[in-house]
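Between the sequences and the hints, there should be enough to build the whole structure, so can you do that?
Top line first, the protein sequences correspond to chains A and B. Be aware that the first sequence starts at 1, since it is given in the numbering used here, and climbs by one per residue. Be aware that the second sequence starts at 1, since it is given in the numbering used here, and climbs by one per residue.
All the pointers check out, no bait thrown in.
Restricting the straight-line Cα-Cα distance to at most 30 Å, the calculated cross-link-like pairs of lysine-lysine (DSS-like) are:
1. A:K275 x A:K246
2. A:K13 x B:K128
3. B:K144 x A:K13
4. A:K120 x B:K84
5. A:K13 x A:K33
6. B:K80 x A:K108
7. A:K108 x B:K144
8. B:K213 x B:K245
9. A:K17 x B:K128
These are computed hints drawn from the structure, not numbers from a lab.
One letter stands for each residue in the lines below.
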Amino acid sequence: MKKIPYYPGCTLKTTGKNFEDSAIATAKVLGLKLLEIDRWNCCGTVTSLTQDDLIHHIASVRNFIRVQEMNERGEVDDYRLLTLCSMCYNTLKSVSNVMQERPDDLDKINNFMDREEDYKGGVTVVHLLELIREMGFDEIKSKVKKSLGKLKVSPYYGCTLLRPKEVALDDPEVPTIMEDLLNAIGVDVIDSPKKSMCCGSYQTVRNPKTVVRLGYEIIESARKRGAEALVTSCPLCAFNLDDRQKEIKLEHPDFERMPVFYFTQLTALAFGLKKDVNNFDLNFTDPRPLLKKKKI
Amino acid sequence: MAKEKNIMEKIAHANQSVTKGIDPKDVKHWAKIYIMGKVYEVPADLTIMQAMEYAGYRFIHSCGCRAGFCGACSTIYRMKGEYKLQTAMACQTRVECGMYLVQLPFSPAEKPIYSVTKEPYEGNSFLKYFPEIARCVSCNTCTKACPQDLEVMDYVQAALRGDFQRVAELSFDCIQCGMCALRCPAEIVQYNVSQFGRVMYGRNGFPENKALKKVVKATEKGEYKKDFKNLLGLNMKQSKEAYKKQQATKAKFLKGGKK
Ligand code: SF4
Ligand code: SF4
Ligand code: FES
Numbered sequence: 001m002k003k004i005p006y007y008p009g010c011t012l013k014t015t016g017k018n019f020e021d022s023a024i025a026t027a028k029v030l031g032l033k034l035l036e037i038d039r040w041n042c043c044g045t046v047t048s049l050t051q052d053d054l055i056h057h058i059a060s061v062r063n064f065i066r067v068q069e070m071n072e073r074g075e076v077d078d079y080r081l082l083t084l085c086s087m088c089y090n091t092l093k094s095v096s097n098v099m100q101e102r103p104d105d106l107d108k109i110n111n112f113m114d115r116e117e118d119y120k121g122g123v124t125v126v127h128l129l130e131l132i133r134e135m136g137f138d139e140i141k142s143k144v145k146k147s148l149g150k151l152k153v154s155p156y157y158g159c160t161l162l163r164p165k166e167v168a169l170d171d172p173e174v175p176t177i178m179e180d181l182l183n184a185i186g187v188d189v190i191d192s193p194k195k196s197m198c199c200g201s202y203q204t205v206r207n208p209k210t211v212v213r214l215g216y217e218i219i220e221s222a223r224k225r226g227a228e229a230l231v232t233s234c235p236l237c238a239f240n241l242d243d244r245q246k247e248i249k250l251e252h253p254d255f256e257r258m259p260v261f262y263f264t265q266l267t268a269l270a271f272g273l274k275k276d277v278n279n280f281d282l283n284f285t286d287p288r289p290l291l292k293k294k295k296i
Numbered sequence: 001m002a003k004e005k006n007i008m009e010k011i012a013h014a015n016q017s018v019t020k021g022i023d024p025k026d027v028k029h030w031a032k033i034y035i036m037g038k039v040y041e042v043p044a045d046l047t048i049m050q051a052m053e054y055a056g057y058r059f060i061h062s063c064g065c066r067a068g069f070c071g072a073c074s075t076i077y078r079m080k081g082e083y084k085l086q087t088a089m090a091c092q093t094r095v096e097c098g099m100y101l102v103q104l105p106f107s108p109a110e111k112p113i114y115s116v117t118k119e120p121y122e123g124n125s126f127l128k129y130f131p132e133i134a135r136c137v138s139c140n141t142c143t144k145a146c147p148q149d150l151e152v153m154d155y156v157q158a159a160l161r162g163d164f165q166r167v168a169e170l171s172f173d174c175i176q177c178g179m180c181a182l183r184c185p186a187e188i189v190q191y192n193v194s195q196f197g198r199v200m201y202g203r204n205g206f207p208e209n210k211a212l213k214k215v216v217k218a219t220e221k222g223e224y225k226k227d228f229k230n231l232l233g234l235n236m237k238q239s240k241e242a243y244k245k246q247q248a249t250k251a252k253f254l255k256g257g258k259k
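Take a look at the structure:
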């Protein structure tokens with residue numbers, strides 16, 4: 001099994017445990033062992049767009065140093081850092097780019113971190129979706145044990161996998177990576193024009209009304225085209241689109257709740273993995289009635 | 001009146017500097033230190049706390065246990081010619097030539113009120129009471145500031161992801177001196193965060209120790225009363241013997257022998 005350094009991020013250790021467990025199990029089927037980097041720290045969650053705001057890049061750089069150390073110790077077979085959460089992916093990848101482009105700033109950061117070994121650069125950041133694409137979707141197809149054909153699911157990308165274009169894991173305008181994966185595992189994929197519209201992100205703290213409005217638009221747009229569920233790779237999108245359905249229901253009494261899956265929960269189902277890796281208890285809208293209806 | 005005088009005498013005695021009566025003729029090595037910018041020559045084998053007393057300071061705060069436990073004697077210093085700002089507990093650290101130092105009497109911080117018995121044992125509780133931990137930029141300044149050499153940043157990070165056990169284990173030796181909190185650019189009060197972690201873990205996560213429970217019960221029943229009475233009745237020679245015997249049994253036990 002190929003060993004790759006893995007960065008979980010804070011949410012996957014608490015409310016996003018369903019994402020982490022199903023992803024680790026999925027990766028295992030694909031011959032990948034995710035080795036959690038030790039002493040990782042929060043990526044900072046939002047990239048600082050102020051270019052000289054170096055202190056906000058330190059968190060990510062520290063994580064890259066851990067990857068460097070793991071490679072020096074020969075514990076892993078990859079110089080890339082794997083992430084699952086879209087937000088972590090976005091932040092880490094932006095910083096990795098900045099450090100590559102601005103050696104002077106990297107020097108400054110290395111100087112500041114006088115208790116760490118220097119970061120030498122070169123650690124790149126990948127998302128599990130990218131690794132899957134790298135393996136080839138036919139490989140995925142060959143692992144499918146259970147048909148999910150009757151399930152109508154619409155992929156939701158949100159912002160952080162696609163914007164800005166320097167960190168995008170696919171064409172930011174016409175992404176297909178999730179569709180390709182879902183097709184490979186035999187899901188009935190429903191396209192929706194709002195699949196990369198922002199869910200409101202952090203507005204959920206100060207301005208939940210906006211998030212409720214956006215969530216309603218995104219869900220209804222997918223439903224109109226026949227979707228029965230959404231799929232995402234972001235715990236914050238999942239919270240906004242799923243948990244906020246309580247508030248949507250208050251504003252729109254006819255609204256019906258729609259489950260939101262992590263893409264790895266669907267791969268785990270298709271690969272016929274043990275049910276507990278999916279921890280459906282942690283999904284805000286329980287997807288099990290829908291799965292039961294579809295005899296999955 | 002007589003009684004009151006007695007108390008005053010006791011206080012006066014307790015307030016006497018531990019360095020009282022040092023004869024400069026007996027001092028072999030001297031250190032030049034700067035207390036709040038003013039230069040002093042002090043005997044080189046004193047702790048910072050003793051050196052300050054030698055220099056004429058009288059502590060009415062910034063001093064408690066004199067034994068490295070209470071966290072009252074936080075001191076910051078720089079060495080001549082170095083850029084690093086260092087920290088120490090004044091009662092535990094020897095003076096060195098060229099120390100520029102000052103004591104920090106207090107770290108202002110509000111402690112949120114929570115109920116250990118009612119608070120659910122959930123990862124997100126950390127963020128509920130200490131939302132500012134999300135501002136941590138992983139600069140590691142807190143770790144560098146900790147005179148106890150704790151991995152402070154790592155425990156803040158563990159709190160952020162709701163790992164009570166890791167917080168409790170990493171912060172076990174925290175003496176709440178406040179140094180980390182005063183240096184943190186994100187204005188986090190680390191020691192309150194970790195205290196919350198420890199009490200919550202102690203109550204909910206720490207595996208119950210059956211042996212301890214048994215001993216507490218036996219103590220309550222008075223099973224050890226007789227042994228204690230015997231111990232207290234020993235003379236010096238007898239207690240030394242008893243101590244040696246106890247240490248031998250302990251060593252044997254730790255080696256994996258019988259109790
Ligand atoms: S963690 Fe902070 S309060 Fe605790 S001993 Fe270290 S510096 Fe002092
Ligand atoms: S000093 Fe503050 S911001 Fe820096 S690592 Fe420690 S807790 Fe985080
Ligand atoms: S006086 Fe208590 S720790 Fe120094």
